[in-house]
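Student: Quick mapping for you: the protein sequence lines, in order, are chains A and B.
Here the first sequence is numbered in our numbering, starting from 1 and rising by one per residue.
Here the second sequence is numbered in our numbering, starting from 1 and rising by one per residue.
Note that these hints are calculated values from the structure, not bench results.
Fair warning: there could be bad hints in the mix.
[What the hints assert, rightly or not] Simulated crosslink set (DSSO-like; lysine-lysine; CA at most 27 Å straight-line): (1) 44(A) with 55(A); (2) 285(B) with 84(A); (3) 571(B) with 538(B); (4) 538(B) with 55(A); (5) 190(A) with 172(A); (6) 147(B) with 285(B); (7) 601(B) with 55(A); (8) 44(A) with 350(B); (9) 657(B) with 44(A); (10) 230(A) with 244(A); (11) 285(B) with 87(A); (12) 44(A) with 571(B); (13) 568(B) with 601(B); (14) 571(B) with 55(A); (15) 134(B) with 350(B); (16) 44(A) with 601(B).
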Amino acid sequence: MIAYIIRRVLYAIPILIGINILTFVLFFVVNSPDDMARMNLGMKRVTPEAIENWKAERGYDRPLLYNAARQGTEQLTNTIFFQKSLKLFQFEFGVSDSDRDIGYDISQRMWPSLAIAVPVLLVGLLVNITYALLIAFFRATYIDIWSVVLCVVMMSISGLFYIIGGQYLVSKLLHLVPISGYDTGLAAIKFLILPVLIGVVGGIGAGTRWYRTLFLEEINRDYVRTARAKGLSEGLVLFRHVLKNAMIPILTGVVVVLPLLFMGSLITESFFGIPGLGSYTIDAINRQDFAIVRAMVFLGSVLYIIGLLLTDISYTLVDPRVRLS
Amino acid sequence: MARREWRSATNAGRMVGLLFAVLSLLSLSGCGERAWNAPHSASEANSNTLFSSFSERPKHLDPARSYAANEYAFIAQIYEPPLQYHFLKRPYQLVPLAAEQVPVPQLIDRAGNPLSADAPADQVAFSDYEIRIKPDMRYQPHPALAKDADGAYRYHRLTEEQLEGVNTLADFPETGTREATAEDFIYQIKRLANPRLHSPIASIMGEYIVGFNEFGRALVDAGGNGDFIDLRQHRMAGVTQLDRYRFKVRLRGKYPQFVYWLAMTFFAPMPWEADLFYSQPGMDKRNINLNWYPIGTGPFMLAENNPNLRMVLSRNPNFHGEAYPTEGEPEDGENGMLDDAGKALPLINKAVYSLEKEVIPRWNKFLQGYYDTSGVSSDSFDQAVRFGTGGEANLTQEMQERNIQLATAVETSIFYLGFNMADPVIGGDSEENRYLRQAISIAVNFEEYISIFLNGRGVVAHGPLPVGIFGSRQSSDQSPEGINPVVYDLENGRPRRKSLQEARALMAKAGYPNGKSANTGRPLVLNYESASAGPDSKAQLNWIRKQLNQLGIQLVIRATDYNRFQEKLRKGTGQLFMFGWNADYPDPENFLFLLYGPNGKVEHAGENAVNYDNPEFNALFDRMKNMENSPERQQIIDRMVDILRHDAPWIWGFYPKSFSLYHDWYGNVKPNLMANNTLKYKRVDPETRNANQQAWNPPIVWPLNLLLLLLVVSTVPAVLVYRRHERSAAR
Numbered sequence: 001m002i003a004y005i006i007r008r009v010l011y012a013i014p015i016l017i018g019i020n021i022l023t024f025v026l027f028f029v030v031n032s033p034d035d036m037a038r039m040n041l042g043m044k045r046v047t048p049e050a051i052e053n054w055k056a057e058r059g060y061d062r063p064l065l066y067n068a069a070r071q072g073t074e075q076l077t078n079t080i081f082f083q084k085s086l087k088l089f090q091f092e093f094g095v096s097d098s099d100r101d102i103g104y105d106i107s108q109r110m111w112p113s114l115a116i117a118v119p120v121l122l123v124g125l126l127v128n129i130t131y132a133l134l135i136a137f138f139r140a141t142y143i144d145i146w147s148v149v150l151c152v153v154m155m156s157i158s159g160l161f162y163i164i165g166g167q168y169l170v171s172k173l174l175h176l177v178p179i180s181g182y183d184t185g186l187a188a189i190k191f192l193i194l195p196v197l198i199g200v201v202g203g204i205g206a207g208t209r210w211y212r213t214l215f216l217e218e219i220n221r222d223y224v225r226t227a228r229a230k231g232l233s234e235g236l237v238l239f240r241h242v243l244k245n246a247m248i249p250i251l252t253g254v255v256v257v258l259p260l261l262f263m264g265s266l267i268t269e270s271f272f273g274i275p276g277l278g279s280y281t282i283d284a285i286n287r288q289d290f291a292i293v294r295a296m297v298f299l300g301s302v303l304y305i306i307g308l309l310l311t312d313i314s315y316t317l318v319d320p321r322v323r324l325s
Numbered sequence: 001m002a003r004r005e006w007r008s009a010t011n012a013g014r015m016v017g018l019l020f021a022v023l024s025l026l027s028l029s030g031c032g033e034r035a036w037n038a039p040h041s042a043s044e045a046n047s048n049t050l051f052s053s054f055s056e057r058p059k060h061l062d063p064a065r066s067y068a069a070n071e072y073a074f075i076a077q078i079y080e081p082p083l084q085y086h087f088l089k090r091p092y093q094l095v096p097l098a099a100e101q102v103p104v105p106q107l108i109d110r111a112g113n114p115l116s117a118d119a120p121a122d123q124v125a126f127s128d129y130e131i132r133i134k135p136d137m138r139y140q141p142h143p144a145l146a147k148d149a150d151g152a153y154r155y156h157r158l159t160e161e162q163l164e165g166v167n168t169l170a171d172f173p174e175t176g177t178r179e180a181t182a183e184d185f186i187y188q189i190k191r192l193a194n195p196r197l198h199s200p201i202a203s204i205m206g207e208y209i210v211g212f213n214e215f216g217r218a219l220v221d222a223g224g225n226g227d228f229i230d231l232r233q234h235r236m237a238g239v240t241q242l243d244r245y246r247f248k249v250r251l252r253g254k255y256p257q258f259v260y261w262l263a264m265t266f267f268a269p270m271p272w273e274a275d276l277f278y279s280q281p282g283m284d285k286r287n288i289n290l291n292w293y294p295i296g297t298g299p300f301m302l303a304e305n306n307p308n309l310r311m312v313l314s315r316n317p318n319f320h321g322e323a324y325p326t327e328g329e330p331e332d333g334e335n336g337m338l339d340d341a342g343k344a345l346p347l348i349n350k351a352v353y354s355l356e357k358e359v360i361p362r363w364n365k366f367l368q369g370y371y372d373t374s375g376v377s378s379d380s381f382d383q384a385v386r387f388g389t390g391g392e393a394n395l396t397q398e399m400q401e402r403n404i405q406l407a408t409a410v411e412t413s414i415f416y417l418g419f420n421m422a423d424p425v426i427g428g429d430s431e432e433n434r435y436l437r438q439a440i441s442i443a444v445n446f447e448e449y450i451s452i453f454l455n456g457r458g459v460v461a462h463g464p465l466p467v468g469i470f471g472s473r474q475s476s477d478q479s480p481e482g483i484n485p486v487v488y489d490l491e492n493g494r495p496r497r498k499s500l501q502e503a504r505a506l507m508a509k510a511g512y513p514n515g516k517s518a519n520t521g522r523p524l525v526l527n528y529e530s531a532s533a534g535p536d537s538k539a540q541l542n543w544i545r546k547q548l549n550q551l552g553i554q555l556v557i558r559a560t561d562y563n564r565f566q567e568k569l570r571k572g573t574g575q576l577f578m579f580g581w582n583a584d585y586p587d588p589e590n591f592l593f594l595l596y597g598p599n600g601k602v603e604h605a606g607e608n609a610v611n612y613d614n615p616e617f618n619a620l621f622d623r624m625k626n627m628e629n630s631p632e633r634q635q636i637i638d639r640m641v642d643i644l645r646h647d648a649p650w651i652w653g654f655y656p657k658s659f660s661l662y663h664d665w666y667g668n669v670k671p672n673l674m675a676n677n678t679l680k681y682k683r684v685d686p687e688t689r690n691a692n693q694q695a696w697n698p699p700i701v702w703p704l705n706l707l708l709l710l711l712v713v714s715t716v717p718a719v720l721v722y723r724r725h726e727r728s729a730a731r
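Go ahead and model the full structure; you've got the sequences and the hints to work with.
Tutor: Here's what the structure looks like:
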């Protein structure tokens, strides 16, 4: 397994370089270093000299990808791409274009993101699996049919609708929790109830449908028929046998998103004023802060690759037949 | 089996009972002191604290760099420049803040002889501003000023070990203070010249302050690679310390607008200790720097600095003291604006600003009473404001029931539709092109624009100078000078937009009868540059297209992003575009320079975005800019505005009107569009606020109980089906 993991880590390096190049090209297709300087220096009374100074200080005065003025390897290394990307592989994110340490900001902002993402994942799993098992139990009855209809309706509704509707109903009409905001420590709980509730409700449609499909697939297998023939109650069949065997696809689906929980939710954090990494990324895009965008894309890619690796490893843990080679 | 089912059913029943009990307890607790949806802690809500919001994270809090309204909202309460604007008096009037009095420049000729105050600008070689600052102004408690028992600075030689565990400024246990002196004001002027800081006013100050640019170049030569440079060791020729409380700034020539700059935080004092403290290794890595942790002498200090969540200003215990103004305008007494006259400032102890990026939560929190004040967005405008038959803005019934108040003010800003004067079709000085611009000026109906897109929140402009700026003459004055005769006729003392027939006649004179070229017969096609292409702006773009279509002109919308839009302005490749300007200070020079030829965007990288260049206008501008406000200056401005109206390089657009709402427990609200340091005058009544918050936000729990009941009821048939299923399986 260790050889497999090492191989996967090595595979990740060209993938990350490719992602970096793609991010770099996409960003600089629409923004030039001059644009970035103007965005940071303000709209009024910006002189060409100030722009040149700003670029020189931050290393944006070099060519983007190829430096024809230099010799040898410096033609590639003395470029914005090389200078800005190399340190990412050492997880040194550097300083944002507004002079804040990105690593420090990430370390501060990942906790609020996790404070929402983890409960949404856990409570969502519990609710979705329970509901899906219930539907599977009442398969081919009106409960099944109408539940599927309800799930399709729920998954067709925009996430934004859940957020705005939830804020309107729970906070504005019923006055039960604050409409937005955040705090530290236990005081954060009252601010987290609504976004977590909305996150869970918003995920019921898609989650339940998927799990229902998995359970129904398992229910028709021979071992389930055998369990029933042994005289086990339907509850025991579902919870002890079906659920256990359906865990493989459920687990893989969950493990792959685990590392990405750090990245936060772009819309939810923005609407609820949660100072997480999702809103950090959105702000950086709006401000054309390439340093942060680059760092967040890199971090997201690394976490996604880790998620895929963990998924493969988790296969071997839940299914002894699977061997990594 | 049946017993097991019964047991599980009993357990379920217990769970439901427990949930009901919890909900009932929650219902009872709803009768307590605080509303459930209150976002602020009880201790803060009960204290003399103001609650408001900000929508965008400030970028810079360093007074040498900050130049945006959302940044001034914080730092203007912390830093004290020499001057400030009187809170109540209009037109805007400069009064001392850190200075003892508003400085009067001593004019000097080339031979070094003093000149009289009314000396012509061409005789003036230098202007000396002697500024005497108030004694006993002390900085807020700050670790940079902390000293040990031996009198040595406590935190000026920090090691990485000592910084272990330090994440914010509050993690330094000791603080200190000292008196602000003239040397600190000089230090800050030197910081403005430091190229590493990229001060936005460095270029303009470089034009005037003697030795400013040379000082910046010397700093570059001194190098330092980001290390601390003790600016006290470098001399700036034009800035001299006279004694502990007096310093002199020497300007080249005459520049009366300099006093307005002295009312901005750019000129607030900065202790060298802070510069040294923040430049130590390891501080930037923790985001502890002058850009995020201000140090000032003002009434407030930044007690909590979390720009991603909230910013908290608290009273500076070392504040030297200031009194609420005892004079204002005649109506201020009646409006209660002088009720606190003579009282010690600030009137509140704390101000909490929460980050609210989205409009909906911000607006709802204001309606729930959790924010003391709010703007009015387009989405909530109809809910808050309705216009009376005379066009006056009133609050809706819903707002009146909550005793919400409305404050409006015409902003010292202008939005205009610019013609690129460097363009051969639409620009230039030819009579034909002038007719074309005049015709378009008539056709683009900004009264309609304000009504449709701004909910009436704007005043149609007849020239470049907004209300409240010296030299401005408004159509509401009902005088001919206030009316743009190119676009309007004066009828019964009121302006009436000229008809489309007149515009079409001008089109014909321009060589485009019915919008078609008299020479080629082809329709006139113009390009409109837009920095927004989203669905929100589509209606506006269509509207502009239709306005020009009335003259037969085909308008091609070239929508792009803001960067490309700016690039087109810089290169002069656009034809028509909408742009705006917000005043730095209340002087006509700050608007008329937008049309000054040597300030052209293409040739000189200036702020004259339309590249207008009229020699007569330029000459008048040169005369006007150095004059004190006087009838003669007004006469020159009138002539300049006449030239502009005739040449029509802009369609004058509109001056935006700000609408802000506030609760009745929030006092001393008078819009002041020039002053940013008005927090110290504000008053809140926490008791009234708390009572209203309780009354407006009672928790409503019955829907939750109902939902729970429905869930329980719906489980009954499920349990029955389950039991039947199990029994049938057993058979």
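Student: With the threshold set at 27 Å, check whether the alpha-carbon distance from residue 568(B) to residue 601(B) stays at or below it.
Tutor: holds, 10 Å
Student: Going straight from one Cα to the other, do residue 571(B) and residue 55(A) come out at no more than 27 Å?
Tutor: holds, 20 Å
Student: Is the straight-line distance between the alpha-carbon of residue 571(B) and that of residue 538(B) 27 Å or less?
Tutor: holds, 25 Å
Student: Has the given pair, residue 230(A) with residue 244(A), been kept, meaning a C-alpha gap of at most 27 Å?
Tutor: This hinted pair holds, its Cα atoms lying about 18 Å apart.
Student: Measure nothing beyond the straight line between the CA atoms of residue 190(A) and residue 172(A); if it is 27 Å or shorter, mark the hint as holding.
Tutor: With a Cα-Cα distance of about 15 Å, the restraint between residue 190(A) and residue 172(A) holds, given a limit of 27 Å.
Student: For residue 538(B) and residue 55(A), compute the direct alpha-carbon distance and say whether it is at most 27 Å.
Tutor: Distance of about 35 Å is beyond 27 Å: violated.
Student: Does the alpha-carbon distance linking residue 285(B) and residue 84(A) stay inside the 27 Å limit?
Tutor: holds, 17 Å
Student: Would the pair residue 657(B) and residue 44(A) pass a check requiring their Cα atoms to be no farther apart than 27 Å?
Tutor: holds, 22 Å
Student: With a cut-off of 27 Å on the C-alpha distance, tell me whether residue 44(A) and residue 571(B) pass.
Tutor: holds, 17 Å
Student: Are residue 147(B) and residue 285(B) close enough, with their CA atoms no more than 27 Å apart?
Tutor: At roughly 24 Å apart (the allowed maximum being 27 Å), residue 285(B) and residue 147(B) satisfy the hint.
Student: Mind checking the alpha carbons of residue 44(A) and residue 55(A) for me, to see if they're no more than 27 Å apart?
Tutor: Distance ~18 Å between residue 44(A) and residue 55(A) Cα, so the pair holds.
Student: With a cut-off of 27 Å on the C-alpha distance, tell me whether residue 134(B) and residue 350(B) pass.
Tutor: holds, 25 Å
The structure is inconsistent with the numbered hints 4, 8, although it conforms to all the rest.
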